[in-house]
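Here are the chains, one letter per residue:
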Amino acid sequence: MIDPRHRLKDHFRESRLVSNRLIIAGLFFLVLFGIIIFRLVMLQIVDFEHFDSLSNRNRVAIEPLPPQRGLIYDRNGVLLAENIPTFSLEVIPEKVTNLDETIAELAELLSLTEEDVAAFNERRKRHRAFEEIVVRNQLTQKEVALFSVNRHRFPGVDVVGRLIRHYPQGTLFGHAVGYVGRINQQEMQVIDRQNYKGTLQIGKNGVEKQYEDLLHGTVGYRQVETNVQGRTVRELFSEPATAGQDLYLHLDIQLQKAASEALGEYNGSVVVLDTRNGGVLAMVSKPEYDPNAFVTGISTTDYAALRDNPEQPLFNRALRGHYPPGSTFKPFVALAGLELNVVTEQSRTYCPGFYRLPGHEHRYRCWRRQGHAHVDLKSAMAESCDVYFYDLAHALGIDRLHGFLDYFGFGKRSGIDVPGESAGLSPSREWKRAQRNQAWFPGETLISGIGQGFNQTTPLQLAHATATLGMLGTVYKPQLVRATKSDSDDGMQLIGGQQTDSLPIQKSSNWQAVIESMVEVVHGKRGTARHIGEDLPFKIAGKTGTAQVFGIAQDAKYDAETLAKKLHDHALFVAFAPADAPEIAISVIVENGGSGSAVAAPIARKLIDVYFGIETEKESDEPITE
Amino acid sequence: MSQLLNDRRNPPRTISPLLQDRRKVSRVHWTSILQRIHLDGLLVLGIVALMVFSAVVLYSSGGEDISLLIRQGVRMAIAIAAMIILAQIQPDRFKDMAFWVYGIGVLMLVAVLLFGTIGKGAQRWLDLGFFRFQPSEIMKLAVPLAVAVYLAERPLPPSFARLFMALLMIAIPVVLIGKQPDLGTALLIASSGLIVVFLSGMSWRLLMSFIVLCASAAPVLWYFMHDYQRRRVMTLFNPESDPLGAGYHIIQSKIAIGSGGLHGRGWLQGTQSHLEFLPERSTDFIFAVIAEEFGLIGLVMLITVYLLITARGLYIAAQAQMSYMKLLAGSIAITFLVYVFVNVGMVTGLLPVVGVPLPLISYGGTSMVTLLAGFGILMSIHTHRRMMSP
Chain A
1 MIDPRHRLKD
11 HFRESRLVSN
21 RLIIAGLFFL
31 VLFGIIIFRL
41 VMLQIVDFEH
51 FDSLSNRNRV
61 AIEPLPPQRG
71 LIYDRNGVLL
81 AENIPTFSLE
91 VIPEKVTNLD
101 ETIAELAELL
111 SLTEEDVAAF
121 NERRKRHRAF
131 EEIVVRNQLT
141 QKEVALFSVN
151 RHRFPGVDVV
161 GRLIRHYPQG
171 TLFGHAVGYV
181 GRINQQEMQV
191 IDRQNYKGTL
201 QIGKNGVEKQ
211 YEDLLHGTVG
221 YRQVETNVQG
231 RTVRELFSEP
241 ATAGQDLYLH
251 LDIQLQKAAS
261 EALGEYNGSV
271 VVLDTRNGGV
281 LAMVSKPEYD
291 PNAFVTGIST
301 TDYAALRDNP
311 EQPLFNRALR
321 GHYPPGSTFK
331 PFVALAGLEL
341 NVVTEQSRTY
351 CPGFYRLPGH
361 EHRYRCWRRQ
371 GHAHVDLKSA
381 MAESCDVYFY
391 DLAHALGIDR
401 LHGFLDYFGF
411 GKRSGIDVPG
421 ESAGLSPSRE
431 WKRAQRNQAW
441 FPGETLISGI
451 GQGFNQTTPL
461 QLAHATATLG
471 MLGTVYKPQL
481 VRATKSDSDD
491 GMQLIGGQQT
501 DSLPIQKSSN
511 WQAVIESMVE
521 VVHGKRGTAR
531 HIGEDLPFKI
541 AGKTGTAQVF
551 GIAQDAKYDA
561 ETLAKKLHDH
571 ALFVAFAPAD
581 APEIAISVIV
591 ENGGSGSAVA
601 APIARKLIDV
611 YFGIETEKES
621 DEPITE
Chain B
1 MSQLLNDRRN
11 PPRTISPLLQ
21 DRRKVSRVHW
31 TSILQRIHLD
41 GLLVLGIVAL
51 MVFSAVVLYS
61 SGGEDISLLI
71 RQGVRMAIAI
81 AAMIILAQIQ
91 PDRFKDMAFW
101 VYGIGVLMLV
111 AVLLFGTIGK
121 GAQRWLDLGF
131 FRFQPSEIMK
141 LAVPLAVAVY
151 LAERPLPPSF
161 ARLFMALLMI
171 AIPVVLIGKQ
181 PDLGTALLIA
191 SSGLIVVFLS
201 GMSWRLLMSF
211 IVLCASAAPV
221 LWYFMHDYQR
231 RRVMTLFNPE
241 SDPLGAGYHI
251 IQSKIAIGSG
261 GLHGRGWLQG
271 TQSHLEFLPE
281 RSTDFIFAVI
291 AEEFGLIGLV
301 MLITVYLLIT
311 ARGLYIAAQA
321 QMSYMKLLAG
331 SIAITFLVYV
341 FVNVGMVTGL
351 LPVVGVPLPL
361 ISYGGTSMVT
371 LLAGFGILMS
381 IHTHRRMMSP
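Chains as they are written, first to last, in this note's numbering: chain A, 1 to 626; chain B, 1 to 390.
Among the clues, some could well be false.
[As the list claims (entries may be wrong)] Covered stretches of chain A (in silico footprint by chain B; criterion: 3 or more residues with CB under 8 Å from a CB of chain B, positions within the stretch not fixed):
#1 12-22
#2 26-32
#3 43-55
#4 529-543
[To be verified] Which residues of chain A face chain B? A few of them, derived with a C-beta cut under 7 Å, are:
#5 Asn58
#6 Ile62
#7 Leu65
Quick caveat, the hints were computed from the structure, so don't treat them as lab data.
Note that the structure is predicted; figures quoted are calculated from it, not measured.
C-beta: ideal position from N, C-alpha, C; glycine also.
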C-alpha cells in the first residue's frame with residue numbers, strides 16, 4: 001500500500017469516481033423534485049377545491065347597497081325631507097391592528113377633538129368588530145383631501161360618501177315629519193336585518209317612523225373583489241337597490257309657517273284639517289325642535305338639554321297634549337241636547353250668573369258674573385253662556401252625554417297616520433269607578449258640559465271633531481300622507497281620504513241649528529269671536545274656549561296680573577270654514593294664552609286668510625273677553 | 001442562400017449530396033459561432049427561455065409595470081455580459097485565482113461585519129463609495145472554486161485531513177455570513193462547498209457520520225438562531241398558528257398555489273397576487289404567482305427546464321478534463337438545483353421561509369449576476385476543452 005500522499009493521480013479512476021458521484025447527486029435531486037411534484041399535485045389537484053374556495057373568500061366580498069330613502073314633500077311639492085351627500089370617516093376595527101394608535105394618529109391628522117374620540121369610543125362598544133364605525137361625520141372637502149393623501153397609512157379606515165337625511169325646513173316640520181336616527185338595539189330586533197344591511201338610519205318619529213317601510217326601499221348588493229386591505233378593487237356583480245317611495249303630504253308649508261308664526265312665543269298647538277278628506281294641512285306644536293340635530297346622532301348633552309327643557313320641545317302637543325276643551329266643547333254638548341230631544345233650538349234658560357243644582361248650595365258660576373239673562377241656543381253659544389250648558393248637561397246626564405261625545409271621537413284615538421297619538425279622556429261613570437273607585441257626582445256632569453273637569457282632549461281630536469261637525473257627521477280619518485310615488489310608477493298613488501264613518505244623527509235641522517249658533521260666535525253682534533268675522537266673502541263657524549289651569553275659589557276673581565304665567569288659562573278656538581260648505585277645520589290651543597277670544601281666534605283667522613288667499617288690511621286688535 | 005430558401009419551399013424528394021453537405025455546413029457554422037465565443041448552445045437556450053418567462057411573469061406580478069421590466073432587463077443584460085466575459089477566461093486562470101479570491105472574500109466578509117451597511121434588518125452590504133455590493137455573492141463561487149482546487153491538488157478521494165481542511169474552508173465564510181444574518185445565503189454557500197466535498201469521493205461512512213453529527217448539532221444551531229429565524233422554523237410546522245404574522249406568507253402562498261389547479265387562472269388573472277394577498281410576489285414568492293396563473297402544467301414545464309439545465313451542467317462536469325473542473329462544474333450545476341429546491345420548498349411550505357429567490361425568474365439583480373457568472377465558468381470549462389493538452 002502506497003501512502004496516499006505520494007500516490008500518483010489516476011485521471012481515469014478519479015474521473016469515474018466523480019462521474020459516479022455526479023450521477024448519484026443527480027438521482028438524489030430527481031427524487032427531491034419528485035417530492036416537490038407530489039406536493040404540487042396535492043395542493044393543486046387533490047386540494048384544489050379547498051384552496052379555490054379560500055382564494056375566493058379572500059377576494060370576494062358582498063357589499064350591501066343601501067337604498068336611497070324616499071323624499072317627503074308638502075302638498076305643493078316643497079321638499080320637507082331630502083338626502084344630502086356627506087363624507088364621513090369610518091373604521092372597521094377588525095381590519096386595524098392597533099385601533100387606539102390609529103385613532104390617535106387620525107386625531108392628529110384631522111384634528112379630532114377629545115369629544116370626537118370619546119364619542120367614537122362610545123360607539124365602538126355598541127358595534128361588532130366587522131362593522132364600520134363612524135369616527136367623524138360631515139368631513140370638509142379639505143379633510144377628505146388630507147385623509148386621501150395619507151390613506152395608505154390607515155388600513156381599515158376609509159372616507160365613505162353617504163347620503164344623510166336633511167330637513168331643509170328646519171324646525172317647522174319637526175313634530176309632523178319626525179326625524180331619522182341611528183338604528184338602536186330595540187329596532188334591531190324588529191327590522192328585517194337583511195334589508196337594513198348598509199342602512200344606518202331609521203325613522204324615529206312622525207311620518208318618518210310611520211312610513212318607514214315605504215320610505216326605506218329595498219336593499220341591493222354587489223359582489224366586489226377586495227384586496228388585502230379590504231379595499232374594493234372592482235365590481236363583479238351588482239343588484240341595484242330599489243329606492244324608497246317618495247311621500248307627498250297634505251301639509252301645506254304656507255299654512256304651517258303661518259300657524260307657527262302666529263303662535264309666536266306661546267307654547268301650544270295648531271291643527272288644520274281638510275274637512276273633505278281628513279288631510280292634515282297644518283300640524284304645529286310649540287316649542288319646536290330641529291330634527292336635523294338627530295340625524296347623525298345627537299350628543300348626550302344636547303339631548304339632555306332638549307329632554308330636560310321644562311317647555312318640553314320634544315313633546316308633540318298636537319297629538320299628545322292633554323287639554324281641557326273648555327267652551328269649545330259646547331257645540332257638541334248642544335248637538336247632544338238637540339238630538340236627544342232635551343232641548344230645542346228655541347228652548348230658553350235664565351242665566352243669573354250662576355247655576356245651582358236642585359237641593360245643593362254650591363254655585364256653579366258663569367264666566368260672566370252678572371249673567372246673560374234669558375238665553376237660547378244661539379245666544380248661549382255666541383256669548384258662551386255656561387249656565388245654559390250646565391242646565392243642558394244636567395238634563396242629559398253623564399251617561400247620555402258620554403255616549404254621544406263618543407261619536408265625535410272624544411276619548412279615542414283618531415287613527416292619524418303618525419305614531420304616538422294619545423286618546424285623551426272623555427269621562428264616564430264606568431271610567432270613574434274603574435280608575436278612581438268613586439261614584440260619579442252630578443256636579444261633575446255640569447262641569448263636563450262646559451268642557452272642564454276630567455275632560456282631556458288633544459288638539460288633533462278637537463280639530464277632528466270640529467271637522468266631523470262641519471261635515472254633518474261624515475268622518476274622515478286624519479291623514480298626513482296624501483300620496484306616494486315610487487321610481488317605477490309614473491303617477492302618484494293616493495292613499496287615505498276615504499270616509500270612515502257616518503254619525504247616526506237623524507235630523508239635519510239639528511246640525512244646522514248648532515252650525516248657525518257657531519256662525520253667530522264669529523258673525524253675531526255679541527259673538528265672542530266677532531272681531532275675526534270681518535272682511536270675509538263667506539261665514540266662519542267657530543267657538544272660543546278658555547280652559548282653566550288653576551282652580552279659582554268660590555266667589556274669587558280670576559286676575560291675570562297676579563297669577564304666574566304657568567297658571568294662566570289656556571286659550572282655545574275651534575272653527576271650520578266656510579260654514580255652509582266647509583273646506584278646512586281648525587283647532588288652536590295657546591297654552592297659558594289667557595282668552596280664547598283674544599289670543600286663539602285671531603290665529604285661526606290668519607290661517608283661514610292664508611288658506612283662502614284673503615288679503616286683510618288691518619289686524620283686528622280689539623280683544624273681547626269671554 | 002436563395003437556393004436554400006427555394007429548397008425550403010419545395011423540398012426535393014431526393015436530397016442531392018451537394019445540398020446535404022451545405023446543410024451540414026450551415027449547422028456547423030451556427031454552433032461554431034457559439035464555440036468561438038465560448039458559449040454553450042443548450043445552456044444559453046435554457047437560460048434565455050427562463051428569462052423570457054421571467055419577463056412574462058414579472059409583468060403580471062408587478063402590476064403590469066413596464067418600468068419594472070426594463071429595470072430587470074438591464075440586470076439581465078449585465079448578468080449575460082458577466083457570463084460571456086467569464087466564459088472567455090481560461091479555466092486555469094480560475095484555478096490560479098482560487099485562493100486569492102477566497103482569501104479576499106473572507107476579509108471582505110469580516111469587513112462587512114465591522115463596517116457594513118444595514119439593509120432589511122441584516123448587515124450584508126459593503127459600501128465602497130462608488131458602489132455597494134454583497135461580498136457573500138462572491139463567496140457563492142469562491143467557496144466551491146477554492147474547495148475544488150484544494151481537494152483536486154491531491155489524488156481523489158481526499159484524505160481525512162484534507163477533508164477536515166475543506167470543511168473548515170467552508171465553515172469560515174458560512175459562519176461569517178450566518179452572523180450577518182443571512183441564513184439563506186449561508187445555507188447555499190455551505191451546500192455548494194459540501195457538494196464539492198461529496199463529489200470528490202468522500203467515503204460513505206464518513207458522510208453518514210457527518211450527517212449524524214449535523215443532526216445532533218441542530219439543537220445547538222437552534223440555540224444560536226435569531227428569533228425571527230426560529231419563528232420561521234416554527235411556523236413551518238404549523239403556519240395556521242400565526243396567520244397574521246409569520247404564518248401569513250405560507251398560508252397565502254399555499255392558497256395561491258392550490259387555487260391555480262391544473263391549468264391555472266391564466267396570465268394576469270391571478271387574484272392572490274393581483275389583489276396583493278401574496279407578499280413578496282415579484283421576488284421570493286414568484287413561484288406561487290406562476291402556480292396560480294399557469295397551474296400544475298406550467299410548474300412542471302418550468303421544473304423540467306430547470307432539470308434540463310442542470311442535466312446539461314452535469315454532462316459538462318462529466319466531460320471536464322481536470323478533476324477540479326469536474327468538481328467545480330458539478331457543484332455549480334447542482335447548487336443551481338439547490339436554489340430551485342430551497343425556493344420551491346419554501347413557497348410550497350415544505351421548507352422554512354429563508355430568503356432565497358427563484359433562480360433567473362425572481363426580480364432582483366445580485367443573485368442573477370452570480371448565477372450567470374457560474375454558468376460562464378461552466379461554459380469556459382466546456383468550451384476550452386480541446387485547446388488544453390490532456
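Hints, one by one, checked against the model:
1. 12-22: Holds: 7 residues of the stretch 12-22 of chain A have a Cβ under 8 Å from chain B.
2. 26-32: With 4 residues closer than 8 Å to chain B, the stretch 26-32 of chain A meets the three-residue bar; holds.
3. 43-55: holds (count 10)
4. 529-543: violated (count 0)
5. Asn58: With a minimum Cβ separation of about 5 Å from chain B (threshold 7 Å), the hint on Asn58 of chain A holds.
6. Ile62: 16 Å, violated
7. Leu65: Interface hint status for Leu65 of chain A: violated (21 Å vs cutoff 7 Å).
Figure legend: structure checked against the earlier numbered hints; hints not met, in rising order: 4, 6, 7.
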